[in-house]
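Below, each chain spelled out in residue letters.
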Amino acid sequence: MIESIQRSLIWTICCLVLMSWNVASGQGLLALRGARIETASKEGVIEGGTVLIRDGKIEAVGKDLTIPIAARIIDLHGSTILPGFVDPYYVVSVGSDAQPEEVREVTFGGRTFRLPAGPAATPTVFTRIVDGFDPRSQKWLPTTRTGITNAQLVTSGFGESAMAQVNPELDDAVLTKQKSQLFLALANQTSSLQVLRSGLEIEKKEENSEGRPSPEAIAAMMRGRGGRGGRPGGPPPGGAPSGPPSAPRGGETKSPADSLWQAVRDGQQPLFVNANNAAAILYLTEALKDSPKAKVNLVADGANLFRTLESLDVERISVIMPPRIELVPNTRNRVNVAKMLNDKKLRLAFSLSLNQGDFRSSQDTPLFAVAMLVRAGLDRDVAIRALTSVPAEMLGIDKEVGTIEKGKLANLVVMDEDPFSGTAQITQVLVEGGPVYVK
Amino acid sequence: MNRSYTGKWVGRALLWCSLLIAPAVNADEKPKMAVRVGKIITSAGDPIINGTILISNGKIEAIGTQDEIAIPEGYQIIDHPDRFAMPGLIDAHSHVGGSGDLNEMVYQTNPELRNWDQIIPHNDDLKVAIAGGVTTICYIPGSGTNMGGWGTLMKTGPGKPADVIMRAPGVLKIAQSGNPERSGGEVGSGRMGMNYVIRQQLLEGRLYVQQWDAWERGELQTKPELNLRLEYFKPLFHREIPVVVHTQAYQVVQSTLRIVHDEMNLRLVIDHGTFDSFKLTDEIIKRDIPVMAGPRGFWYEPEDGQVKGIVSEYDKRGLVSLGVNTDAPVIPQEELFFQASMAVRYGWTEAKAIRGMTIEAAKALMIDDRVGSLEVGKDADILITTGSIIDPRNYVTQVFIDGASVYDIRTDRRRF
Amino acid sequence: MSNKYTSILLLTLIAISSALCPSGSWAASPWQDGLQDPPAKEAPKPDAEKAEEPKKDTPDKPVDKDSEKPKPKIIAIVGADIHTVSKEVIRSGTLLIEGTKIKAVGNGIAIPEGAEVIDAKGKQISPGFVAIDMSGIGLSGGGGPNNKNADSLDPFDRNITFALGVGITTGCVAADVGGRRRGRRSEDVFLGLEPDNLALQAEVDSRELDYGVAESLCPCCGLPILPTDPITDPPPRDITPAGNAVIKMSFGSIDGMLVQESVFYDLAPGSLSGSLNQHTWRQQIAKTNQYLKDLAAHEAATKEGKRQNPPRKSVSDELISLVKGEVRLRISASSASEIRAMIDLSKELGYKLALSNVVEGWLVGDLLAENDVYVSITPRTRRQARKGEEETSGSLFEMPHVLQASGVPFAVTPLANAVSLNGLAGRDLTSLPLEAAFAVRGGASEAEALRAVTLTPAKMMGLDASIGSIEVGKDADLLILDGAPLDYRTYVETAIVNGKVVYRRAEDRAYPVFDRSF
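Residue numbers (my numbering), protein chains in the order written: chain F, 64 to 502; chain U, 20 to 435; chain A, 729 to 1246.
Pulled out of the complex, with its shape left as it was, chain F reads as follows:
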């Protein structure tokens, strides 16, 4: 008990020191000295190294750097510096009232039919995060406290993601202008699978008996319109979402969904697929066989990945999972799925926010679950990269973040001991050189 009080005291002092620095530090020149630096790059670990930050960017990293006279020096002996964590699948809620059930009136043969444009809340609604997401509605403290500096924001259903970075100015998060990607929550249901198949332009040659368009065709039309209830051509978010039924849409306008799907089909951009069960993963791998270039970043929990391990194509699929020791389904046997995936040479990223229970309960020691995986045999460098550089590559933001290297943004996490001790706590999170969270 006394020990813990002592510890609390030390932290309080640390806290005060850092807070004073917080006030004082601006954009200028900053040197973090004496820490163990997990660069997540080729450099590996630098013991007792220095990170030099100028104007929010990393100017230099190394062991024996000459620190300029003007630099403010923070001594971090005993601490570890890591790149800010990049969460590749951060689920946010986008005001669902933005997608009410539309009603269409169709006049035909002298009679008028009022038809709903589709059942509400299907997973087939195309959502653009930038259109409906309000950063101020999100509670960011858990995020910063967990060391996440960058995240891909997604929501349920499917749509176009947005990249976010915790903002030092506003103590908030902002959507960045970085490239957005296509995400899709997949279930073993026709409506959900059709979104995938039509997007990948997989022809299922099943003639519908009634001679009416098959669900595939319908889905294809939805895609062409940018989704039912979606906004063709992506009108500004302020537009009335539930306006009167639009006039017949004669011209083929290319929707944002189309160009994203095109990029996926050509293998230029990966598709982020959140599979809700193991069966959905099998359906996904089936679909990929018919779309030879497409690549997928598969989001799934360990138990489902464990069951489908053998069906995952290393060349085409990368994996995003919540870090966690899993139980083999229907047993009490624990299993380290992350290690198994890595042994199979699958590219692996962790999403710390994916398992909301773990995310909320482990904010004081955010890497506890990862530490358990490392203790159970997962390579620690792989674990570091799965939190930082790999997700950054997946999101295509690896030029700016993901490692501690010269020229990258100074998005850093400072931990008070070895990150995988299990008890390591975050003392400081920096975004572009400025603190966004100080313990």
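Hint data in this document are derived by calculation from the structure and do not stem from the laboratory. Honestly, I wouldn't trust all of these hints.
Stated by the list, open to error - 25 Å max Cα-Cα, derived PhoX-like pairs, lysine-lysine: (1) U:K371 - U:K335; (2) A:K799 - F:K352; (3) U:K146 - A:K1115; (4) A:K815 - A:K831; (5) A:K1115 - F:K407; (6) F:K502 - F:K120; (7) A:K831 - U:K179; (8) F:K407 - F:K126; (9) U:K397 - U:K49; (10) F:K352 - A:K831.
The structure displayed is predicted, hence computed values, not measured ones.
Since the structure of chain F is provided, determine the placement of chains U and A on it from the hints.
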């Protein structure tokens, strides 16, 4: 002068019986029979190959190999050279011995209720039950209240109520949890309340019996007041009849052991003992309490996704006084043997299963002086089967109850 | 301020972690070495992957497919007594599986080189059991009106393992009718269509012209759409079938899991009772016959080179299959009078029948046999005879014997069609082989009872060309059993579906694992 209650009670019972039975069935009228079969399963030692059973006066007169036993003159010979004979099966938990109104639910405990006035001998359910080999049932009130009333031990064969009743009161029915709960806000909506009313009622009964015992021993000056509501507690607290306790799940069985056995020193039968109750086997063995498990036959352990046989889990932990029940009509009465089949499928053994449905059940219900095994002097409740009764492919071809053939597929339509 | 809490929380975490790590199952597992490997079954064999590889490669390099194709894996099961069902039992035989099919079966069969050999000496092999009626297994629910069974498979359903553990490898499961016409929300077909779309025209046409049977409720508010014509009595609704689909218990694989949909024209009990229903039914059948006639005429005309519009299709595919004799109409008919009524109707209208829940079938054995009716029975079902009619009503425990003697093909169904974990043993879907044992109790031969859970249901569904017995060329759906197929003590040790091992008793541990010394 013998003032013991037992004497009086037995005396009265005998009087009733003689009064009722004597004119109806003259014991001498029962034919004397010799049953010869390929194999006799006795539940009292090793099976007898090519055996003979002599029946007279409704009882087993002799049993042994065909070499040992000479058939006296005047005995009707029933020959089944390729069949098995075995004791009739006993179900320790049944509700189909009479009308189906099993629960009076105004009071939480009902020691004033008894069910032998509503017996319907040889009713449609029991006719089929016989075809499934069931010859004795413990017919009890339901579990709608914590103390449902007094049950009856009865045969399934034809006759007047007095012919089929073996003992009344046969047992007391207590239901601990998982049915007798009352609606929220009342005492007895939870386990604390239910245990309270059970304990309270038993304490009242015990005090009553203790007062009468003291009076009978001459230790009291004034005669205790007669309370008809509590009269049947006398044989109970004299340990002449058992309590059958509707109790299931680890925690509930613990309280059964504590209240009914440890505090009240009663004879009891654990009459469901399902879910994870088997984890208490060592405590049950320590107290020498029989378990007649069922009607649930397995427990699905969510932690490891496995199905576990309840009986075999008790068996694995060394419990011998072990059987199955049907809780008929939850499981049809005739499928008592199939409850054992499933228990064997999950890991019990056939030999134990047959004992469990015969002699172990008889011991549990304290009627092993009359039924449960094929031994000289016991009731001639005998099944003739095409093979081991545990295998559903085999069936019962003839049934004797009290020495009379009550079912014979050569003359009756096959019922099961 | 919050530091104290933090510390306490932290300590708790440490406590939890240290409590977890050195004790219990943590210690039991090879923790330091990266935990255990998965059980062999959970992760399919590399061979299975190999078989898929050529598919993957084809888009890039369309080389000669035959030379590229690796030889399918061969499994040899040796030493077991093989219950072929279609022929006699083969003692200590050999069975070869190539790919997904049975390659050879018999005595004295040479084992090809490189074959995986399973020693099954002292064991028995039976075809996988076929459940004619299942629900809540292998298909995920929900998904809306246009959901397809083919897209809803869940090969990881734990119920599949429970079914395999008792030997069920194939079953007919209650399912949605894929894209059923005029379903409650048929309006969904309008989705995304423009008003000038032809399909919409067809749909609206059918509403106009075929008003009697069309959806007459407003699709948005659910209120009736009032016709503009004079109001008449509401026309009777069409008799529509419930959906069903045959799925295999191919645990872990959706490949080959869905065998066929709509193998029965399944009608709810009582659908064809009463004169109004029967009238509607006769009209539906007549309409279907007319359509088929028109279609044939159209095809003939087209052959002759005439240009002619095809007849408008106003009947469902399911009905066409029924009328063509491709599927059987399945309906519950427990009493003798119901059975007679259903047979009369089928004779009049010319379709094939499968009767379920048959109880009084023992009274009409010959009638059933004469009319090629398949029945499904639950031998334990007991029904009291009507008083005074003991000889002509009620259940007869020996009905299996009567049916067999009359030559009526019967399938056995358990007391319930779903897997139940409520604890009542031997009364749910997983009691299928035990229920067949009760058919033996009821006087059927062992062979007939085994047929009642294998070949007979396969024939009933029209799938006997691929499943139901052990014959060369049929699907390799097999059970390796530790005893006779219908012995109540027998457990499935290994289940093979489509040539792949999908269940192993010792590893799957769905049911108790113990050694029984027989």
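Against the structure, the hints:
no. : hint             : verdict
1   : U:K371 - U:K335  : 12 Å, holds
2   : A:K799 - F:K352  : 21 Å, holds
3   : U:K146 - A:K1115 : 15 Å, holds
4   : A:K815 - A:K831  : 16 Å, holds
5   : A:K1115 - F:K407 : 72 Å, violated
6   : F:K502 - F:K120  : 23 Å, holds
7   : A:K831 - U:K179  : 67 Å, violated
8   : F:K407 - F:K126  : 35 Å, violated
9   : U:K397 - U:K49   : 15 Å, holds
10  : F:K352 - A:K831  : 29 Å, violated
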